[in-house]
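Here the protein sequences come in this chain order: A and B. For the first sequence, position 483 (counting from the first letter as 1) is numbered 483 according to the working numbering, and the numbering increases by one without interruption. For the second sequence, position 78 (counting from the first letter as 1) is numbered 78 according to the working numbering, and the numbering increases by one without interruption.
For the record, the hints were derived by calculation from the structure and aren't laboratory data. Computed from a predicted model, the values in this text were never measured in an experiment. Just so you know, not all the hints are guaranteed correct.
Claimed, not checked - Sample of chain B residues lacking proximity to chain A, with all beta carbon distances greater than 12 angstroms (derived):
| hint | residue |
| --- | --- |
| 1 | E12 |
| 2 | L18 |
| 3 | G36 |
| 4 | D37 |
| 5 | T55 |
| 6 | T58 |
| 7 | E60 |
| 8 | S61 |
| 9 | F69 |
| 10 | P87 |
| 11 | R104 |
| 12 | D116 |
What the hints assert, rightly or not - Computed list of chain B residues with no C-beta within reach of chain A, every gap over 10 angstroms:
| hint | residue |
| --- | --- |
| 13 | F30 |
| 14 | E42 |
| 15 | G47 |
| 16 | T48 |
| 17 | V51 |
| 18 | Q52 |
| 19 | A64 |
| 20 | E75 |
| 21 | T92 |
| 22 | G96 |
| 23 | D97 |
| 24 | E106 |
| 25 | V111 |
| 26 | A113 |
| 27 | S122 |
Claimed, not checked - Pairs of lysine to aspartate or glutamate residues, derived as EDC-like cross-links and limited to a Cα-Cα distance of at most 20 angstroms, are as follows:
| hint | chain 1 | residue 1 | chain 2 | residue 2 |
| --- | --- | --- | --- | --- |
| 28 | A | K165 | A | E108 |
| 29 | B | K102 | B | D37 |
| 30 | B | K63 | A | E475 |
| 31 | A | K395 | B | E33 |
| 32 | B | K63 | A | D375 |
| 33 | B | K102 | B | D67 |
| 34 | A | K395 | B | E88 |
| 35 | B | K63 | B | E33 |
| 36 | B | K102 | B | E12 |
| 37 | B | K63 | A | E462 |
| 38 | A | K395 | B | D29 |
| 39 | A | K395 | B | E12 |
| 40 | A | K165 | A | E209 |
Note that beta-carbon positions come from the ideal geometry of N, C-alpha and C, so glycine has one too.
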Amino acid sequence: MIERAIGEEDFGARLAFDRGAAGRRAVAVPQWQGRETPLPAAHLLRDSVRLPELSQGELVRYYTALAQRNFGVDTGSYPLGSCSMKYNPKVNDVVASLPGFANAHPAEPEAAQGTLRILLDLQRALGAITGLPHVSLAPAAGAQGELAGILMIRRALEQRGELGKRRRVLVPDSAHGTNPATAAMAGFTVTQIPTAADGAMDRAALAAELDGSVAAMMVTLPNTLGLWETGIEEAARDLHRVGAFVYGDGANLNAIVGRVRYGDLGIDIAHLNLHKTFSTPHGGGGPGAGPVCASTALAPYLPAPVVVEGSTGTLALHRPRESIGQLQQFHGSVGVLVRAYAYIRTLGLAGLRAVSENADLNANYLRVLLEPHYDLPHPRRVLHEVVFSGSRQRKAGVRAYDIVKRLIDYGLHPPTVYFPLIVDEALMIEPTETESREDIERYAAALVAIAEEAERDPEALEEAPQHTPVGRLDETRAARRPVLRWPGPETEPCGSKGTVER
Amino acid sequence: MELPADLRYTSEHEWVRLDGDEGTVGITDFAQEQLGDVVYVELPEAGTQLVQGDTFGTVESVKAVSDLFAPVSGEVLERNEALQDAPELVNTSPYGDGWLLKLRVEEPAQVDALLDAASYRSETESA
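Model the full assembly from the supplied sequences, consistent with the hints where possible.
This is the structure we're talking about:
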């Protein structure tokens, strides 16, 4: 345990209720000069309420302290593998906040022809980028786009009269967790395909599973090891030969955008996570956007609505003939979609190509810098991310978890750990294209220093991080037994069980 | 992999030690090895009635959250409270201090019908 004397400033740990003093105000509200008509006492729930009383300066310092505790991509490198935490250009936000977009009313979509034009152009751009020309922008997130895609395959099989016998979806064991979850949610059973020694899916194991009971294979390109699925074109042909569809998880499009099109590989349908490849905001509970891009054969099933152009040039929202239906109210997260459009138009094809080239170059540079110090289970050229194993350090008693907590002491954001599950003590690093050469060298230098610390003094790493306002937290308990009320357990003994401890 | 011969096992990687009508339940050495570092264990309170095959709790490791399945039917007599503060006992001592539950076993015959150490070993090796 790290004990640290905390003086007057507590970096925002004390709540607003515990700051300031009675009678302080952030603004002077003018006295009401008219006649007072008090509410009847019988209607009052209580006669006073304790509210924070802070001066404006105290209030601003409190919120600034909270903001300074945050770490975002605007603070520094944030190479969470599988998340593509790239820097998002501010021009995206400027465009999305233009009054014509920001004030368009969702109940009158056809009146907003300009917004619809942007959405139509975005559909066309994503169709051109993926080689899957039929696009619906409606899904509210990548996972919903994925569900939409598998439901479309399900509907197509139903129409072919084959749903009864095609009950299985094949998923490589390197897949994102959402893939098997999506297949199961759509009513299919999941068959896992193992990974071969080269880090691509085991083609012999795949061949052994191919028969008339297969509805689809879900494949991520490149896969979650950051590796290309060698022979994916042949695998797609084999799937088609037995009458099954090929679903592309487009989460890693940022590794190949502008250079490879899913449609050319034989993929029938794919979803895209706009926050990854196309630099829209990440997380925060949404809204997100996960467009789904389909071949001509699957186009009739796209989720509604899609934007179509009439013969007079008027744009309208359209429900495809055999649509799986509507996934959310109105027509998708338009503010997010406009940002993705701004990004694509700012960069153009040459710029998008540079995005994927630099993402791959950065990941490979990091791979070369770190390979002497950390185990690399699949030592070949990667694309946008690289997955090391902390197994060498584990032998000295240092876990991947300890390594990344130590990174925080170097002022750096940890990478993803313990994913993908098929790599022991996984350290999954995705620098993204927006990090400079110096940023990558600094990150590598910190990880090299930590590898040396792991050899020299493994126990010290268990104490990390030491240079932060709080030390190592029990993250599992914080999630499992969150303390969601104030005052907290320090003042209320009844809340003492299951609190978050340092 | 350690597999004590006096225990019975399930395909869901749990073990039972029967003593009279009291059964102690835990997860196997193989299971803890596969899960990796266990960070949280969620168990039912004493008095809970379990039916064989029901999920009765979860084990969370740094990798994943896994359901626990009742190997036999019975009433929970005691849960291992030590796991609240030291879930890593499941890793360091899966057959000892890392036990999960003590049950009053309804039908000892259910225990006899579970896998013996040799059968369980061959299941994990063919997996």
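No chain A beta carbon within 12 angstroms of D116(B)'s: Per Cβ check, D116(B) is outside 12 angstroms of chain A; nearest 28 angstroms; holds.
Outside-interface status for G96(B) - nearest CB in chain A farther than 10 angstroms: Non-interface label stands for G96(B): nearest chain A Cβ at 21 angstroms, farther than 10 angstroms.
Interface exclusion of L18(B) relative to chain A, criterion Cβ beyond 12 angstroms: Consistent with the label, L18(B) stays out of reach of chain A, its closest Cβ about 31 angstroms off (over 12 angstroms).
Proposed proximity, D37(B) with K102(B) (alpha carbon, max 20 angstroms): Measuring from Cα to Cα gives roughly 23 angstroms; hence the hint is violated.
Separation of E75(B) from chain A, once the least beta-carbon distance is taken, above 10 angstroms: Correct as stated: the minimum Cβ-Cβ distance to chain A is 24 angstroms, above 10 angstroms.
Pair hint K165(A) and E209(A), alpha-carbon separation not exceeding 20 angstroms: Holds. K165(A) to E209(A) sits at ~14 angstroms (cutoff 20 angstroms).
Consistency of the no-contact label for D97(B), given chain A and a CB cut of 10 angstroms: 19 angstroms, holds
Minimum Cβ-Cβ distance from V51(B) to chain A exceeds 10 angstroms: The assertion about V51(B) holds, with a minimum of 24 angstroms to chain A.
E106(B) and chain A, when compared Cβ to Cβ, separated by more than 10 angstroms: 31 angstroms, holds
Cβ separation check - D37(B) to all of chain A, threshold 12 angstroms: 7 angstroms, violated
Given as non-interface: Q52(B), partner chain A, CB spacing beyond 10 angstroms: 24 angstroms, holds
Verdict on A64(B) as a residue remote from chain A, using beta-carbon distances over 10 angstroms: Incorrect as stated: the minimum Cβ-Cβ distance to chain A is 7 angstroms, not above 10 angstroms.
The structure fails hints 3, 4, 6, 7, 8, 10, 14, 19, 28, 29, 39 (numbered hints given earlier, in ascending order).
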